[in-house]
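K.L.:
Residue numbers (my numbering), protein chains in the order written: chain A, 1 to 298; chain B, 299 to 612.
Check the hints yourself; a few may be wrong.
Claimed, not checked - Residues of chain B placed beyond 12 Å of chain A at every Cβ, according to the derived structure:
1) 347
2) 452
3) 522
What the hints assert, rightly or not - Okay, the calculated bits of chain A under chain B, using three or more residues with CB under 8 Å as the criterion:
4) 97-107
5) 190-204
6) 235-244
7) 263-272
If you're looking for bench data, these hints aren't it; they were derived computationally from the structure. C-beta: ideal position from N, C-alpha, C; glycine also.
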Amino acid sequence: MSAPASDLVPTPDRRAELGGGPGVIRQIARDPMGLLGLTLALLLVITGLFADWLTPYDPLKIDVINRFAGPSLAHPLGTDNLGRDLLSRVIAGSRIALIVAFCTTFLAMVGGLVLGLMAGYGPRWLDNGLILLFDAVYSFPYIMLALAVITLFGSSLTMVVLVIAITTLPAYARLVRTSTLSVKNSEFVLAERSLGAGPVRILFRHIMPNIIGPLLIIVSMDIPVVITVEAGLSFLGLGVPPPAPSWGRILNEGYSFIRQTPWVVVAGGLPLILATLGFTFLGEALRDIFDPKLRKRG
Amino acid sequence: MLIYTIQRIGLAVLICVIAMTILFSLAYVIPGDPASIALGPRATPEMKEALRERMGLDRPVPIQLLTFLGNVATGDLGVDVFSNRPVTTIVFEALPYTLVLAAAGLGWAILLGVPLGCYSAIRRNTPLDKLTGILSVGAISMPSFVVAIYSVLVFAVTLRWFPAIGAGTAGDPLNQLWHLVLPAFAIGLGWVGYLARLVRASMLEVMNENHIRTARAFGLPERVIVFRYALRIAILPTVTLLGIAYGGLLSSAVFAEIVFSRPGIGQLALAAAQTRNYPVMMGATLVTVFLFALFTMIADLVVALLDPRVRSGL
């Protein structure tokens, strides 16, 4: 599936060739699928950030007389069982998706980075212990862990973020560990160590900059997974509590009335598909850029 | 192979014990206690105390943990506080439905995904290969529960080709199969994409290897080269993935059970979560973790059997 971590570490020559941020964006734009991914991902970010200004109606405003209305100029995506405007709810839902995606991936990335560096650079016993812990956490199917945790602690946005972060953390930590192991014996680290640098300086000044790139690619590829998990939990009624218009909740409400109108589930599902598609294409394009071996093979 | 098998079994057991300890710790750190959660806010202190005693929550934590591990080792997952039935019985009544659904979903994904991946690799860079690539990413991106809902909308509500809910009449295999089609389609669709991509990538790698070039130089037919020599090696990463994939597959099955109102672990766990039925929730979660450990172990052993290089280091 994804390339080995060491393959993803860009060499200094490669980094110079990519030429930093704008260079990467230019490379993505050259690939039609990458461009589509970038556009969809940007669309989600912009919609999420400016949701308050973009919603044509109050997403929580009930208008029972207009319930189950089909798409029209007044309501481009129709209305739900309480007559709420679906376009406004979908736009407001993009903010929830964005908050959950970024908080979760940030938490998981920081946790995975710290634990992975500890496992890769630390003594053998710590490495073995942490690997066992990662494997044990990874062995919980995320939905079962989410159901168990929510049974015990109740559901809230914080709980959703924590559960998804904990279940995604082991994969990041394992990636960081592998990258750390491959970098820690390289000449520049040995040289730094022989000059008397401490482990903290070596880890954060020398090893971390070399592994953050591949980690960011994996994280960007995981954003659609996180958005899907949040929507899935909200669909089960275990995610963000009502009346917040999460995409999963829109799907849940639409599914109850699927025989009356198809528009609610269509409105709830489409942004989810577009968002996951966008981030997947973007992640693929990023991986192709940073891993030329795979590109040649394809 | 024997030493590798013993080491691998040991690792699986260790992972299960750690996972059990994590789950136990989660239950122990909850605000309030499992007895209060199970009985709800209206329970009197006497009722809570009685249930705490019955569940063994009045004993020291290390003793509770050891008792818990010991009970699970002997197959005792506790008693459902609502129905008073053993949790093991409840979970194992629901489990076959989930396993059949997961196997059906994965089954059709393998039947379609593996040949598709092979074909893409052989006909590399043709329009069909590119189309397969785009469709694969599209299929992977579709969340399985959205596929489930949309398939209900299209095939059950609009076209009325398949039933929307239930697992079929007991004792009527054809009817049960009929009810299995849509849920299996929903959870397998993403896997078709995954498998097609994975098999394509590994086939491309293997097709460039020396033994394939030699086989070609000997003038062996392309079909023999692809199926007898290349696919046998290219399938190894897929076997490993299938072991690890179980978690995702089970999560998809849980959603499909809820969307299609089918009995199974998903329905059981959701009902337990909604009623805060803590013993059933713990039991259902533990069984899924054990199955994960079992499936990843089987996948590793199969790979070790097919590839002798793996056996040398765990």
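K.L.:
For each hint, tell me whether it holds in the structure or not.
P.N.:
A quick look at each hint next to the structure:
The claim that residue 347 of chain B lies off the interface holds: its Cβ sits roughly 20 Å from the closest Cβ of chain A, which is beyond the 12 Å cut-off. Not every Cβ of chain A is farther than 12 Å from the Cβ of residue 452 of chain B; the closest lies at roughly 9 Å, contradicting the non-interface assignment. Even its closest Cβ contact with chain A, about 24 Å, leaves residue 522 of chain B beyond 12 Å, as expected for a residue assigned away from the interface. Here the stretch 97-107 of chain A counts 0 residues with a CB under 8 Å from a CB of chain B, which misses the bar of 3, and the coverage is violated.
Only residues whose C-beta sits within less than 8 Å of a C-beta in chain B count toward coverage, and the stretch 190-204 of chain A has 0 of them, not enough to reach three; the restraint is violated. Under the rule that three or more residues need a Cβ within less than 8 Å of chain B, the assignment of the stretch 235-244 of chain A holds, with 4 such residues. Coverage of the stretch 263-272 of chain A by chain B holds. Counting CB-CB distances below 8 Å, 4 residues qualify, and the rule asks for three or more.
This entry does not satisfy hints 2, 4, 5, going by the numbered hints stated previously.
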